[in-house]
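Trainee: Line order of the protein sequences matches chains A and B.
The first sequence: position 24 = 15 (our numbering), numbered continuously.
If you count the second sequence from 1, you need to add 1 to reach our numbering.
What the hints contain is simulated information worked out from the structure, not anything from laboratory work.
Just so you know, even glycine gets a beta-carbon here, dropped at the ideal spot from N, CA and C.
The hints are all genuine.
So the derived list for chain A, only partly shown, Cβ under 7 angstroms to chain B, looks like this: (1) Ile4; (2) Asn5; (3) Ala8; (4) Arg11; (5) Asn50; (6) Ser77; (7) Ser78; (8) Leu79; (9) Asp80; (10) Lys99; (11) Pro100.
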Amino acid sequence: MTIRIIQVDDDYINNIANERLIKKLGISFESVNFLDPSEALEFLSKDEQKFDLMLLDINMPRLNGWEFLDKYKSIAGKFPIFMLTSSLDPADQRKALEHPLLTGFFVKPLTKEIMLEIFDIAKLTVLA
Amino acid sequence: MSSDFFTFSETPFFKSVSKSLILVEVMVFLFMLFQTGAEGNLFYLALLQSSLHVFVYFLSRVSRRNLYVWLIPALFALMMYSNSFGGLKVTFAGYTISLVFYSFFLIRNKWQSFFYMICFILLSGFSEYKKGVEFETILMLVIPGIGFTALFYSALRFLQKAHIELTVRNRELEQSQLNLKTLIENTNALIWAIDTKYKFLNGNTAFSITFQHKTGVLLKPGVNVLEHISSEKEYDFWKTLYDKVLIGEQVVFEEQLVDKGESSVFWEYTLNPMKLPNGNVYGATIMAKDISKKKIFERRRQENEALLNGVLTNMPIGFQLFDELGNMILMNESMKDILGIKKPEAQTDVTFLNVFHDAFMVLNGLDILFKDVYLKGLNKNLEMELDFNVPENTWSTSRRKIFFELNVFPLYDENHRVIAAVCLSNEITKRKATEKLMLDQNKRLEEYAFTISHILRRPIANIISLSSLIKSDDMLNPEDAQLVEFLNESTHQLDQILKELNQNITIKPDYFNDYKNHSS
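Excised from the complex, chain A in its bound form:
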């Protein structure tokens, strides 16, 4: 089974690092990455492609993760969204836990263990 992942993060290094990490875990996946959250919104509103999970960054120029979620609410896709951040601000974590659209919140960098936990929470069957 191929897992379809959408990454919305302006840091391309992070996106590549995540892909490499999943690959190292031996998981079959497809990844669509957006450096600009506005483009991601446009893509999600037009395409009816289904994804298994979304990895979303908080601090992005022009449209941050929270604003992205506010706009994404109207599109209302039905797949788990995990918020990732390099921020050490505990307020972000509190806010994420209360947000209805978020399935999880993790501080970067992602490790193998964290990635497996994300798949587990998203109830995705993977072969480690």
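Dock chain B against chain A, hints included.
Mentor: Relative to chain A, chain B alone:
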């Protein structure tokens, strides 16, 4: 025509008795007439009867046998009865009875006349009895020849009543004299009265003892109070005072005495003229009171006031007092310093509106502030910025920008009505500058924290991530693998330092909890 009755009335006995009676009644009439202030039914009844007796007697002499002569007293009686005779409150009984009595003399048929008389007596007696005329009086009046007895009886009753009234008034006068005496005796003051020749008229025991103590003279009415003053200076002093009062002036003065214990004793003297209704002065009353306690209290109050004024003037907090129109009635030195008002130019009558012009008041909400204080009785606290460089503030010698804190609260009278507003001001320019500096520094610190938390940590997270990926790659030779391991370890250390640094510069949300709990 003749009858036994008139025959009898022509006898010398009847005539002499009749003349004697008339003489007595004339005397009683005159006595009654000159009694001033007499009143009451009995008096008028008697007066009227005696006058009618005399009047009808002379009429009967002139025309004894005229049947119609009684019409004159009858008309007179009618006038009286209709209450139109000068408003005299005379009962009908007396004159009706008299009238009937004399008709009896004039009508020839004595038995017929007697019958009429009885009818009138009964009619008058029963009709008037309940109106205040005593029945015994009516009876006495109707019996011929003893009318004068009623007169004496009435006069006696009148005199008795007058005597009782006089006794009661005397008793009241004695009681009020006693009360007055008790009053002047029980007061701590010395009280005395003199006539125009400085002779003692009356006074209380306290004055008599003091006078005797000072002069050795036992004070009695008639003693000249000036004569026994040994000191010439004191004599002149008191003579001048007495003379002033005896020409009608009131004199009040205080005298400070020093007793043997060297503690001051104060006396207050009040001298008043005694005047007759026509305004002539016939003497003077003098009252001397020991007012030492009052003076001590007054002195302490003055000291306290001076102390309070000293505190208000010299305290390092600006103090202003405003009346209900917003006029500034007091401003202390600290306030003048804050506002930059030069001491020689300081005007206590400078109004608040003059100092802070209307626009300034409205701009800073001070007009509303004062309305709140006066109309709603609220306590107000606010901080204000004042720039003395602007043209509106040329009244100040200061050329700087200041911050000050105002605490305005109302002052109440005993009826809880706002009578003034107190304004306490504190210059807080330094504090505000420090606050501004702190806020500025805090903002920079927050920016620094944000840089660490968000911006700096992003590349570090990437380095950690990438080094972890390289480390897990089996293709590296052992030496390079060790270098990657060191890189990974160092990056983790750096990340840890950043986390700790971020924790240290971030203010925890519960930082003010202790203060909040304390204040609540």
